[in-house]
Every structure is written in C-alpha cells, then in structure tokens.
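Undergrad: Sequence:
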Amino acid sequence: TLRVAFIFLFNLLSRIDLDELMKKDEPPLTFPKTLEEFEYAFNEQGQLRHTTTGEAFVFNAREDLHRWNQKRYEALGEIITQYVYELLEKKCNMTKVILPVDVTEEEPRSFIYLSADAMSNPAKLLVLIQGDGVVRAGQWARRLIINQDLDSGTQIPFITRAKEEGYGVMVLNPNENHLEVERPAKPTPLPSPEVSDEPAEKRERKDERESKKKRDFYEKYRNPQKEGETEQIPIRENSSPEEHLLYVWDHFVSNAAARNVFIVAHSYGGLSLVELMSQREAQVKNRVCAVAMTDSVHNIWHQDASKSIQEWLQQHCRNWVSSPEPLDTPVEPMLPDCPRLSAGTERHELTSWRSFNSIFQFFSKALHTGDEYEEESSNTVTTRSSHRTKHDHNHDD
Numbered sequence: 010t011l012r013v014a015f016i017f018l019f020n021l022l023s024r025i026d027l028d029e030l031m032k033k034d035e036p037p038l039t040f041p042k043t044l045e046e047f048e049y050a051f052n053e054q055g056q057l058r059h060t061t062t063g064e065a066f067v068f069n070a071r072e073d074l075h076r077w078n079q080k081r082y083e084a085l086g087e088i089i090t091q092y093v094y095e096l097l098e099k100k101c102n103m104t105k106v107i108l109p110v111d112v113t114e115e116e117p118r119s120f121i122y123l124s125a126d127a128m129s130n131p132a133k134l135l136v137l138i139q140g141d142g143v144v145r146a147g148q149w150a151r152r153l154i155i156n157q158d159l160d161s162g163t164q165i166p167f168i169t170r171a172k173e174e175g176y177g178v179m180v181l182n183p184n185e186n187h188l189e190v191e192r193p194a195k196p197t198p199l200p201s202p203e204v205s206d207e208p209a210e211k212r213e214r215k216d217e218r219e220s221k222k223k224r225d226f227y228e229k230y231r232n233p234q235k236e237g238e239t240e241q242i243p244i245r246e247n248s249s250p251e252e253h254l255l256y257v258w259d260h261f262v263s264n265a266a267a268r269n270v271f272i273v274a275h276s277y278g279g280l281s282l283v284e285l286m287s288q289r290e291a292q293v294k295n296r297v298c299a300v301a302m303t304d305s306v307h308n309i310w311h312q313d314a315s316k317s318i319q320e321w322l323q324q325h326c327r328n329w330v331s332s333p334e335p336l337d338t339p340v341e342p343m344l345p346d347c348p349r350l351s352a353g354t355e356r357h358e359l360t361s362w363r364s365f366n367s368i369f370q371f372f373s374k375a376l377h378t379g380d381e382y383e384e385e386s387s388n389t390v391t392t393r394s395s396h397r398t399k400h401d402h403n404h405d406d
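Just so we're aligned, residue 10 is where the sequence shown starts under the numbering used here, counting upward by one.
Each hint should be verified, as a subset may be incorrect.
[Stated by the list, open to error] Heads up, simulated SDA-like pairs for lysine to any residue below, C-alpha to C-alpha not over 25 Å straight-line: (1) K374 / Q324; (2) K100 / R170; (3) K105 / E185; (4) K105 / E173; (5) K42 / A65; (6) K172 / F365; (7) K99 / D160; (8) K42 / V67; (9) K99 / M128; (10) K133 / A266; (11) K133 / H260; (12) K42 / T239; (13) K99 / T43; (14) K99 / A265; (15) K100 / A125; (16) K100 / T43; (17) K99 / F47; (18) K172 / L96; (19) K80 / N69; (20) K80 / Q157; (21) K294 / P348; (22) K99 / T169; (23) K316 / P345.
If you're looking for bench data, these hints aren't it; they were derived computationally from the structure.
Take the sequences, apply the hints, and build the full model.
TA: So, in structure tokens, the structure goes:
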C-alpha cells in the first residue's frame, strides 16, 4: 500500500505545473523606480533611512525569499547609482563627458566626470579609479552607501577636498563596459513525437529523476519567475576596466595641463593602473607625482611588471591595506613593489575612506618634496622623470 500511495503521489506531482505553483510563492520582481517610492531618503548625515520608521535599510524584507530580497536590493542599488551621478553634477559641479569621444549615434557609450578645470589646471590633477563590480562613477562601495553613509561609500569627500586644495579632478567609470539589451525570445520548438529505443523501465527511471530535479529545485529555491535573457554589446575601446583606464589616459590625462598627476586606485583599480604602466610606462613616470592604492589587488608578478616599474612603484606609490593594525602602521610587503600601510580597518570596502586624510597628506608631501628638488635643480633639470630619478634615492616617505 505504501508503494501504491507513492505511485499515486508521484503521478499527482508530475501533473502539477511547478512553474505555475512557484509563481504563487514569490511576489513579482517589480520594484520602485525612485527613492521616494522605495520610502527611503538620505538624512543630513548622509545615512539612508526609511521615511516613516527612520530605520536603516533592511535586506530581508521578506523572510525565505532570498532571490526576491536580492533583486529588491539591486533595484535600490540602481537608484543609488543615479542619485550619486546627480550629486556629482549638482553638489560637486562635475561635468559628464561621453566616451568614446567620437561616439556615433548608434553605438553604446560610457562616460566619465570632469571638474571644470580638469583639463586646464596647470598645477595638480587628481584621478579617482574605483574597484570592479556593480559600482559606477563616484562610488567606492554600494554596500557602504546603503548600510553606512554617503561619505564612506562615495568619492564625494575626495572630490570636495581635492577641489579645496586646488586640484582638478577626473572621476573614472571603469565598470561601464557594455550595453545590455534583451535577447529576442526564441520560438519554442514543437515537441517531437515520442519515439524511443530506450526500454520502458529506463525511460521511467529517467522521468522520475527529472521530476525529482523539479521538486528539489522548487523546495530549495521557490524560484519562479523566469528572467529575460540579455546580451552585452561592448563599448568601443572601453570594454574592460583596463581598456577604460588606457583610453582615459590617452584621451584626457595625457592631454591635461597639470604638471603633477595624482591617482587614487581602489582594489581592481590598482591592477588596472599597473597594466597602464606596462602600456605607457614613460608617460606615467613623466606625469604622475604619486599614487595612493587602497587594498589594491594588483600583482606585479602575474602582471609581468618590469623591474623599472617595480622600482617606480616603491618610490611613488603607497597601498593602504585592510589590517587590524592602527592607521598608517607599516605592513609587511608581500612582493617588492609599493610599501603597504594599514588602512586602520579590516573591511576591504572601507579602506579608501579610512585612509582619506593619510592619502592627502601623502600627496602633499610628495608634491612638496618634488617641488623643492625642482627649485634646487631648475637650471639643469628639464623633465620630471630625469630629476625624479636622482631625487628618489633620498625619498623616505
């Protein structure tokens, strides 16, 4: 009788359209399009709070519906991205510049943000490069913006401080690499008549396995709504973070008036920078005064960085890494490249914000030391690369 009951249950389950059943369990994957509709707003401290309860953002809005919660979080993240763009334009007075510079009407495009004097400032230019992932121009970490505040998660404090100290500013957008478009739905092929040479018993076992897969899938995920398939159209000459940095260097940084270029590169941004040095070593050495990395994931061995690049990084670069040690404590170098200092936090995404003051002090010192030497050598030295080689032997920062 147990076997009969099992067969009856199996037959019943096989007739149930699990896709339809699953749809009843998960709410639609449609979410608000604005912060107001989400009922969230940033308060005076730059913290995201519910407009009614005053509570911080809650990820698990629906228990046991992880995918739905994740999609809701991603929808909010897209709104945050647009919100940060607005802040860059309205609060920081940055201008959006479309890439590629010769873009046609039909092709996908990216953009960067420039301060009014980014190309014309004769003295100093600050270039900000974020890590990889979902973050776009102006962000260090979406998680920090949503769960902590705008200061820790965005690049706005860096932009504001840089402008106060007389820098022109460029904000890169290394993760805007392609346009995502919906792939047209494929016509569903008609089921072919069941003609099979398989023995009936083998077919039954196969069918049972398929049904079990469906049931397991349902039990584990309750994952009903099929998402549309998309395809990615790459943005010309900006289809990866490395390509984007090279493009911005060639079309913007190298044409900027500033004698001294400073770079902040977080996480994957550090890897892209080392890659840029491999492609444009002489130019970078000639234009860049100092580089501040924050928990960079570059690797001079895997990236085949030359000895001369390694030596330059030792002199002109510092990497503030996640560490339990107090801020600015030297951390044992893993490879012979830029010195590592503690960012005063063990959280990767917080390293840029925690080392904020130290980075600007490092830049000021690098500029001051370089200028001092230029004054002493003004009669004999003509380029940064030539005077720096001599000066760097005494560089103890």
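Undergrad: Output the indices of the hints that this structure fails to meet, ascending.
TA: none
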